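> Below are the chains, spelled out letter by letter.
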Amino acid sequence: MNNTTILPETIYTPESQMRSPGLLLRAMVSDIKASRELSWRLFVRDLSAQYRQSVFGVLWAFVPPIITSIIFIILQSRNIVNFGETDIPYPVFVLVGTILWQLFTESLNAPLKSVTASKAVLVKINFPREALIISAVYLIMFNLAIKLIVLAVIFIVFQVPLTWGMLLAPVAIIMLMLLGIALGLLITPLGMLYTDVTTALPVILSLWFFLTPVVYPPPDVFPYSFVAMLNPVSPLLVAARDLLTKGEITNVVSFLLVSLFTIVTLFVAWVLYRVSLPIIIERMSA
Amino acid sequence: MTDTLVNVENVSKKFCRNLKRSLWYGVKDVGTEMIGRGSERTELRAQEFWAVKDVSFQLKRGETLGLIGHNGAGKTTMLRMLNGLIKPDTGRIVVRGRIQALIALGAGFNPVLTGRENIYVNASVLGIPKAEIDRRFDQIVDFSGIEEFIDTPVQSYSSGMTVRLGFSIAAHLEPDILLVDEVLAVGDLAFKTKCQVRIQELRDTGVAIILVSHNLHTISHVCSRAITFEKGHVLYDGDTERAIDVYRNSLIKANKGLEDSLRAGTGEIKIQRLEILDEYEGIQEECGVGDYVKLRVHYEALEPVVNPVFNVTMHVLNSHQVTGIRTDVDGVELGTLEGTGHVDIVIPNLNLLPNIYTMDAVIFHSDGFTFYDRVNKAANLRVTGGLQVNGTAYLPHVWANEAGGNGRIPPITSPQPELAQIETVK
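First to last, the protein sequences are chains G and D. Residue 30 is where the first sequence starts when you use the numbering used here, and the numbers rise one by one after that. Residue 24 is where the second sequence starts when you use the numbering used here, and the numbers rise one by one after that.
What the hints contain is simulated information worked out from the structure, not anything from laboratory work. Don't take every hint at face value.
[As the list claims (entries may be wrong)] Taking CB as the label site, the calculated pair distances span:
#, chain 1, residue 1, chain 2, residue 2, range
1, G, P37, D, R68, 32 to 42 Å
2, D, G229, G, F296, 40 to 50 Å
3, G, M47, D, L67, 42 to 52 Å
4, D, P152, G, V58, 40 to 50 Å
5, G, F296, D, G107, 50 to 60 Å
6, G, M47, D, L42, 19 to 29 Å
7, G, I175, D, H240, 27 to 37 Å
[Claimed, not checked] Capping the alpha-carbon separation at 20 Å, the derived lysine-lysine pairs in PhoX-like fashion look like this:
#, chain 1, residue 1, chain 2, residue 2
8, G, K148, D, K43
9, D, K76, D, K254
10, D, K254, G, K62
[To be verified] Heads up, incomplete: computed chain D residues facing chain G, CB under 10 Å, no partners named:
#, residue
11, R60
12, E66
13, L108
14, A124
Since the structure is predicted, the reported quantities are computational estimates derived from the model, not experimental observations. Glycine residues also receive a C-beta, built at the ideal position from the N, C-alpha and C atoms.
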């Protein structure tokens with residue numbers, strides 16, 4: 030081989046990657062590029078495998094939020110619970126809420142789930158690790174798309190008026206998903222080392238569900254309003270729901286603040302994910 | 024200098040023996056790494072040990088380097104560091120060019136998907152673009168030899184088929200450096216040969232190869248150079264045959280002495296030791312191909328034992344059995360044995376090729392099945408000689424050709440080997 034081209038050089042040292050941020054950033058960008066095709070392949074793999082072994086297929090994407098909604102619609106209509114008045118029909122309100130909440134929990138669970146499922150490959154083959162996360166995002170978006178179709182049907186049934194503002198809804202929806210991914214990435218390193226994380230997640234999420242205005246309108250009474258303010262999911266979920274159903278956004282400031290928080294967290298979590306994987310891989314198969 | 028593709032300088036790696044602690048260290052290491060304080064870690068924390076210690080070597084284009092050593096000597100850890108899966112704790116690794124690993128064959132296969140679909144996924148994980156796979160698809164399927172099952176879900180493949188498919192995909196990579204870890208140990212002989220040929224093809228195109236294998240024949244066949252690892256250190260780096268020799272020596276060292284843990288039997292008669300003697304009854308540890316060898320099993324009968332069956336088996340060190348010699352098979356009856364004594368097996372021509380052989384001695388009841396006593400690795404014998412051929416047996420032979428019949432080459436030992444004899448001395 031008369032290869033005269035200059036070969037790319039890779040250097041491995043014990044030094045922390047954080048010491049050379051420029052190099053780290055460049056590697057992150059190039060890995061994102063390198064994982065475009067792979068992440069799509071992984072997505073197609075997961076999707077086809079998922080549906081090939083299932084009879085009801087896509088049904089599972091929207092049955093759970095519909096069931097949750099029905100429960101709360103019944104509870105509300107029988108006056109077993111009273112969440113007060115909502116400015117759109119309660120069934121629409123609660124269905125949009127649960128779909129958005131499910132989007133958040135799916136996003137939160139996705140990174141750890143995806144990485145754990147690929148453990149066998151991770152410990153043996155070096156490929157851009159970002160691909161696992163990106164393929165998980167594709168899967169989430171696919172599931173979301175199915176749910177949005179169901180939502181459209183509900184909108185028609187309840188004659189929700191269409192507005193131009195609805196076109197802004199994807200921004201809020203994507204932000205909500207990114208928050209889930211960011212938090213999910215943040216717990217991934219710990220979750221790969223200790224199974225406690227996977228065990229604790231459903232418990233925390235079921236509590237979190239009630240702390241978030243999913244099935245009830247955002248509270249304005251202290252201390253509930255304060256709790257809702259501390260909860261980063263609330264502003265995003267409320268904004269997304271308002272945009273989807275009314276085409277307007279009422280909490281611009283808190284939405285922007287949480288969006289900023291989401292972007293920063295996502296970046297930190299991404300760095301953490303990259304930097305921690307070699308250390309974790311060594312522990313998983315030592 | 025531009026020909027050096029891999030440069031490993033004083034690289035060390037430590038692992039932790041205890042899982043709980045290891046996980047906790049993991050959390051701490053991620054922490055120090057994140058705040059940017061991680062650097063050379065030369066101190067061992069509690070329960071840690073060096074899996075690789077101060078290893079340095081270089082690899083040039085077109086070289087094939089074998090890594091040999093006991094289990095846990097650090098070979099695989101070294102490969103994983105080269106592959107960038109884990110970080111070294113000290114030192115520095117510079118890799119020039121595209122590195123790829125023939126390690127996890129079929130890792131990432133989804134059992135529900137078909138072989139065809141999995142080829143695309145697996146190749147993608149290995150970093151081969153789709154266009155490239157399209158182009159080579161037929162070649163890959165052809166190489167794997169499982170055309171009929173290519174549209175069948177991988178879960179109905181046998182493990183051999185899975186590995187075949189995995190190898191076929193990985194073998195069509197075009198790296199600058201190829202890491203191979205024990206993958207040649209799977210599959211049937213025909214496929215193994217195919218794999219070896221493929222590796223040699225890659226080598227001939229200038230790919231630098233690092234090969235880890237316990238099969239010393241493969242190493243000596245494929246590698247131009249070898250490194251012997253022991254407990255994380257480099258024991259020897261250089262000529263392949265010499266490296267194998269160093270490895271065998273270290274195996275013998277680890278192998279010395281009776282292994283009492285594997286000792287078993289009813290114990291009425293016990294094996295004291297197994298001696299390997301030469302023609303003059305001197306103890307020998309080494310002999311040449313075709314030499315006279317006498318195996319002497321010393322026994323001690325605690326009570327009279329009627330017609331015990333003596334059995335000595337010979338293995339290639341750490342590997343397959345070469346042969347077994349038994350009194351009952353040979354129709355020899357030893358009568359009643361009492362007290363101490365020995366039984367000899369005379370082998371006039373030990374027609375084994377150079378290697379290290381290890382022997383197990385067993386005394387059975389007269390049923391030829393129940394153990395009185397068995398000693399694994401009772402003795403080692405190193406056979407030396409200039410015959411660098413693969414295999415185990417030397418068959419005394421004569422060459423001839425049709426033309427003149429003058430092509431006779433004298434065999435290196437007497438052409439009339441006598442049958443093995445078993446002698447008893449009470």
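> Flag every earlier hint the structure violates by its number, smallest first.
Violated hints (numbers, rising): 3, 4, 5, 7, 10 and 12; every other hint is consistent with the structure.
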